[in-house]
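All chains should be built: construct the whole structure from the sequences, respecting the hints.
2 protein chains.
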Amino acid sequence: MISSFHPPVRTLMGPGPSDVHPRILSALGRPTIGHLDPAFIQMMDEVKELLQYAFQTKNPLTLPISAPGSAGMEACFVNLIEPGDKVVVCVNGVFGIRMLENVTRTGGVAVRVDDEWGKPVDPAKLAAALEANPDTKIMAFVHAETSTGVCSDAATLCALGRKHDCLVIMDTVTGLGGVPVLVDEWGADAVYSGSQKCLSCTPGLSPVTFSERAVEVIRNRKTPVQSWFLDMNLVMGYWGEGAKRAYHHTAPINALYGLHESLVMLQEEGLSAAFARHRVMHEKLYAGLTELGIRFVVDEEYRLPQLNAVWIPEGVDDAVARTRLLNEFNLEIGAGLGAYAGKVWRIGLMGYSAKQENIDLCLKALSAVIAQ
Amino acid sequence: MISSFHPPVRTLMGPGPSDVHPRILSALGRPTIGHLDPAFIQMMDEVKELLQYAFQTKNPLTLPISAPGSAGMEACFVNLIEPGDKVVVCVNGVFGIRMLENVTRTGGVAVRVDDEWGKPVDPAKLAAALEANPDTKIMAFVHAETSTGVCSDAATLCALGRKHDCLVIMDTVTGLGGVPVLVDEWGADAVYSGSQKCLSCTPGLSPVTFSERAVEVIRNRKTPVQSWFLDMNLVMGYWGEGAKRAYHHTAPINALYGLHESLVMLQEEGLSAAFARHRVMHEKLYAGLTELGIRFVVDEEYRLPQLNAVWIPEGVDDAVARTRLLNEFNLEIGAGLGAYAGKVWRIGLMGYSAKQENIDLCLKALSAVIAQ
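Protein chains in written order, with the working numbering: chain A, 1 to 372; chain B, 1001 to 1372.
The set of hints was computed from the structure by calculation and includes no laboratory data.
Small disclaimer: the values here were computed from a predicted structure and weren't measured.
Beta carbons are placed, not taken as given, at the ideal position from N, Cα and C, and that holds for glycine.
Treat each hint with caution, since some may be false.
Claimed, not checked - Once the Cα atoms are required to be at most 30 angstroms apart in a straight line, the calculated DSSO-like pairs of lysine-lysine come out as: (1) A/Lys222 x B/Lys1086; (2) B/Lys1222 x A/Lys137; (3) A/Lys222 x B/Lys1222; (4) B/Lys1364 x A/Lys244.
Stated by the list, open to error - Okay, the calculated beta carbon distance ranges per label pair: (5) A/Pro123 x B/Lys1343: 54 to 62 angstroms; (6) A/Ala339 x B/Gly1187: 40 to 48 angstroms; (7) B/Asp1299 x A/Pro22: 25 to 33 angstroms; (8) B/Ala1159 x A/Glu212: 48 to 56 angstroms; (9) B/Pro1038 x A/Glu185: 42 to 50 angstroms; (10) B/Glu1241 x A/Pro83: 30 to 38 angstroms; (11) A/Pro180 x B/Pro1008: 33 to 41 angstroms.
This is the structure:
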């Protein structure tokens, strides 16, 4: 017989999930109600409004996809791409590569613009690619690369996309709530994020927002969206305006209670205060790690405060060290992904994890483990 | 400012979500840990084992998709179908129609076999379709139609599929945990369900199981699976065997705590006892509704005990009545879907909702509302 699962209590300083505030954990356990219950529909409307605040957008089509960030990514690509469409994809880490996968699996024609891992997307290279490909329909880039901790200049990249009359898809899974995300000001058309990063909610939901221009394109497609589950034409009928909602799929009720609570908390703190807190905590962590002789992967001006990629100190075994952190300190930090596997650690300071106690624990634990 | 959401306490007797046991609600709020934490991986293994029990299968590829049942459906279709593949789809309600949508959006060629709503799939019609289409690769049907409350003869339908050398896709979203689901004995190849029906967990996860034969087909595809998020070749790397798991997407950690707890409870009760409880409660509800003059849509031998479709009594306004049930009795029952909209109510007795108190409340509330 298998018995109930009681997880250990960890401190989560990886690339997400981040520590979840007790208010959010408590919201998850509230009584389940129906996905068409008027009380639930009112909560959905609040979630939309709170997400509009988080994304700094007036886009009516702003909602959480009922699945993790990678489904949010897929929702953006499958809704905007029709077979044969040309898509310029900027690649400077794992999630740019995943974007490419999405383009080809959707029948799009990908034009890949590479930048070195650990560096931001180079606007000059993007401009050249867009000039060389005047028939480009969509331009896609990662604002906050979760695999490297790099923040790219989203305002400039979006402006380039708009100048070349492209729809702009932006990945800000790790960005939202941690650094400014100005969807309307930048002019991004389809933007996705995740619940388990700087929103500090549990994993499993992907906030997305689509501009009116994107909605127009989706409504006027010549071919059906290849995913029934992610077809925004259908999803809109459930998350749309007014009291009347059409059943599409059964929403993840309790997970949405959690997201609602996390967004209420973000609104209470205020975006500027949240960004400042991430910045201050990052600086403290940076000072402490530097004192331990640990070097950062990313140049100062492109660093995401919420995701600190550092080189694993010479002579330290990656797996052994992370296992000790987990077993001796109940501390999780992130391994390197892709080209960075075994070479880099990713230390998250996301949402509720961005606090002094976590930094103290992290520095103490790392110091013990690398001394060994 | 938007404040925390405190849902009303409802009794859920619709077609799902069903009432969620306090043990499951409590599990949802346990501390979040990482999706690659060894403790979490051990829990994942337990979830797989418990799902194998629920599905009565030895299939190693048995796991919950990180999204609702409609994504589980899509996972089965997109992984097995390659463009041009012929798929025979049995349609006797809304979810058969949704299957058709999945076939065409995946580039498959659908052969539609219709049966009347409220009737089970007719094996003779299916046999004729399979004989007329010897190049059929996949046969798909709904075991437990959530839109009508009909249980089809899955053993016979699967046998027909096997006889014609088809892969068999079976929807048992509403079946699992409420009536026998014998995946191995029947020989179904790709089967999906939902967490929020007779498992009485919160919505948002879709248990699936794939036979070795199906896995072979997936591994040897000529074209990539069109969905990156649902590509089982990649999902297997995370949910696979052994301690080593590759990151694919971030699993919905706390939602999986809930599913684990619901499956532990199913194992504690035992499948036979759970089926018997659903049957007994159905009989009590049937007796009570009949006394109120309410007639069932489905003939006795095909009725799903957990989902009771009844004709809305003449002269009773559907929307007004359901609003009264909700406002005066905090009771949710389901509206009719598709062809049944405005004509039929669907009264669920699923999982934790299948208990005497719920039946008493339902009969009392309905009696008050239809007397009006």
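A quick look at each hint next to the structure:
no.: 1; hint: A/Lys222 x B/Lys1086; result: holds, 24 angstroms
no.: 2; hint: B/Lys1222 x A/Lys137; result: holds, 28 angstroms
no.: 3; hint: A/Lys222 x B/Lys1222; result: holds, 26 angstroms
no.: 4; hint: B/Lys1364 x A/Lys244; result: holds, 28 angstroms
no.: 5; hint: A/Pro123 x B/Lys1343: 54 to 62 angstroms; result: holds, 59 angstroms
no.: 6; hint: A/Ala339 x B/Gly1187: 40 to 48 angstroms; result: holds, 44 angstroms
no.: 7; hint: B/Asp1299 x A/Pro22: 25 to 33 angstroms; result: violated, 52 angstroms
no.: 8; hint: B/Ala1159 x A/Glu212: 48 to 56 angstroms; result: holds, 53 angstroms
no.: 9; hint: B/Pro1038 x A/Glu185: 42 to 50 angstroms; result: holds, 44 angstroms
no.: 10; hint: B/Glu1241 x A/Pro83: 30 to 38 angstroms; result: holds, 37 angstroms
no.: 11; hint: A/Pro180 x B/Pro1008: 33 to 41 angstroms; result: holds, 37 angstroms
Violated hint for the displayed structure: number 7, the only one.
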